[in-house]
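S.K.: All chains should be modelled from the sequences, with the hints used to inform the complete structure.
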Amino acid sequence: MWHVIPLFIALPLAGAFLLPVLGRGRRWVSDGVSLAVTVSLCLGSFWSLTKLQESAVWVYTVGGWKPPFGISLVLDGLSAFMLVTVNLVAATVVLYALRYLDAFTGRWQFHCLFLLMVAGMNGVVLTGDLFNLFVTLEIAAVASYGLVAFGTERHELEAAFKYAVMGSIGSLFILLGLVLLYSYTSTLNMADMAAYLQARESGSLKGIVLGFFILGFGLKAALVPFHAWLPDAHPSAPAPISAMLSGVLIKSLGVYALCRVIFCVLGFTPAISEILIGLGILSMLIGVVLAVGQWDFKRLLAYHSISQVGYIILGVGLGTPLGLAAGLFHLFNHSIFKSLLFLDSGVVEQATGTRDLRRLGGLNHRLPVTGGTTLAASMAIAGIPPFNGFWSKLLVILAAIQAEHYWAAFWAVVVSVLTLASFTKVLKYAFLGDLPERLRNVHEAPVSMRTALVVLALICVVGGVLWLPELRSWFLDPAVGVLGAGPAGMAESLVRYWP
Amino acid sequence: MEKSEKPPLERREEAGMTVVVKTVTRLTVGLIFLYGWYIVVHGHLTPGGGFVGGIILALSFVHLTLAFGRDAAEATLPARVTGLVEGLGALLFVGIALLGFLGGVFFRNFLPKGEPFALFSAGIVPPANIAICLKVGAGLFSVFLALVFFRFDWERRK
Amino acid sequence: MTQYFLCFVLFCVGLYGMLAKRNLVKIILGLVVAEAAVNLLFVLVAYRTGAFAPIVEAGGGPTRMVDPLPHALVLTAIVIGLATTALMIAIAMRIYAHYGTYDIEEVRELKG
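Protein chains in written order, with the numbering used here: chain A, 3 to 501; chain B, 12 to 169; chain C, 371 to 482.
All clues stand as given, with none of them false.
Cut-off 16 Å, straight-line C-alpha distance, at most; resulting in silico cross-link-like pairs (EDC-like, lysine to aspartate or glutamate):
#, chain 1, residue 1, chain 2, residue 2
1, A, K427, A, D358
2, C, K396, C, E475
3, C, K396, C, D473
4, C, K481, A, D358
5, A, K427, A, D298
6, C, K481, A, D298
Sample of chain B residues with no beta-carbon within 12 Å of chain C, all distances over it, derived:
#, residue
7, G27
8, M28
9, V30
10, V31
11, V32
12, T34
13, I107
14, G115
15, V116
16, R119
17, N120
18, G134
19, P138
Calculated directly from the structure, the hints in this document are not laboratory data. Virtual Cβ for every residue (Gly too), placed ideally from N, Cα, C.
M.R.: Put into structure tokens, the structure is as follows:
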């Protein structure tokens, strides 16, 4: 099993490099390679969850070089949690994209960039080395800049340029923080750095590095006030890419990397907790307030992404075990229902030719599966029992009350009500009501697209069971344990090599 | 890139730059190409390696394109071949990394290491350098061709 | 100490170019300058007083060498910068093909 760990990165890379050589001719080659790679990665990520029961941490030394001299890939609770999230969403999105891309030319380029993005995200999640984190983050980010510009229409190019500029600024600040950390600790291995920082008093360095990292990773995660690129980039991208970007990219490149660096390398302090809670509340409020007035379906969903990431950062920023569990649970749930919403919006856009809610209506008559899955996802994001979003939002609010941040809990409830209002508007204008004349001939999506939608909707409906103790001990508790153990826990994994 | 028709013989000599540049290019482009290979192959002994050598190789082809025009460059290295070399270089690199499993771990240096400072030494490092050089060189040349010969709509309609 | 300060000044110049300029090409140039500044800072951090370039030669040679790890990291960062710059230039050229201008004030159709 141990040797499967680098395959999470090597397999999509090999697939991506195979496509320019083999995939130019027949379309089933690129489709087949992409689908085979993502489905096997999804199954592999489930298997990695079971392997965690044997040993809490698996450290893979690339090239046989002992850490901290070599790059080490670390599979612990948090990595396995993120692997499942990323690869599950990637597999369903590829299934959806098989028929969605009929409207585009250049299928093999899409699949090549998509596999590079998946390889980058898997690399970010699995790596135990800080510069390797930066490199794989850049691989995923540059692939996503290309994918946002994929249709090469006016708006897509404008959005892609703004996204590329702001993403590069974020990467520069991450690299700056990395340079300062390296100059102080002379090591790049996260576990070694954690041990070094624990043993010494570093004063203002940690504060400056933290500022750079919050700026850099916060820009990747679209935290307010670094969110300006998201409302342009996510609607303009093709629907499967919007689902990947909103669903997993901002979480693995932004939220996961921020959590890993703060909790496991720098150490979590009450000051950091206050900053994260403040940013979380700000993101929640501004995201939903700007979303309520939107009439463009995908732009509305993009603003709600900002708001829901605020929930995740609020949960994680509380720092208590319940808060961490709630934040991570909401991360998984949001990946599922936000990807589902974006895929639904893709079906609507391809069927009717528009994203404007005022020009849609009564689509439930002609697009029943899309309507049903949008209903499921809307109820999940608005927090209606028994959908998965309800449980994770309730837990975030309870964790805020338990940690005596009553204002945070109050704003969380307010934002939840506004989210419900916003999605009631979406359902009313797009799906309920009468079907206008010009929409009488719209077609439902093909079978493969419908399968992807139904799979995600089923997870939305039954996802609440992940909070039951038996399932929680497999999925959430190891991840929470990693964040709770902090730098000391991270440094422990080195002991095996240098006792 | 669309294929343009071959211009008649008199016009073909007018493509590219002046005869002075063309003569000097004929002398230097082979040397630049050789220098790039030198840097790649000695990557484990002297500064340089795959990336820098690949850039220099790409620059030799760029030099050829600038001096002689697009048709001569197309005759020497067609765009299709460039794309193929690029993909093969990347696949070769991933293949070397996966072959490391033969030595036990992913990306392990499983070839015999030889003597220090000899040309055939350091295990997988020279083949990895060559793979990177193919990928980077072909990649940079493709980027150059794509950006320089991009036809705007109004130019295409002319 | 002055070299670190000058690196920071160069980074600020690049950041100014990215945030305050109106021409798309100047924004890309600002990005290139800022990336060069961060790479330069990384290499400067590796310097040790009175040490030599980290190349091991046959038959002995200087024993006190600068830290070689940042050199490898900066090479990687330069490659990443090259890829990002090439992609952004391609996007900028296609924006010119659609909008007819490189002015970012004119390229502003996404609102709300």
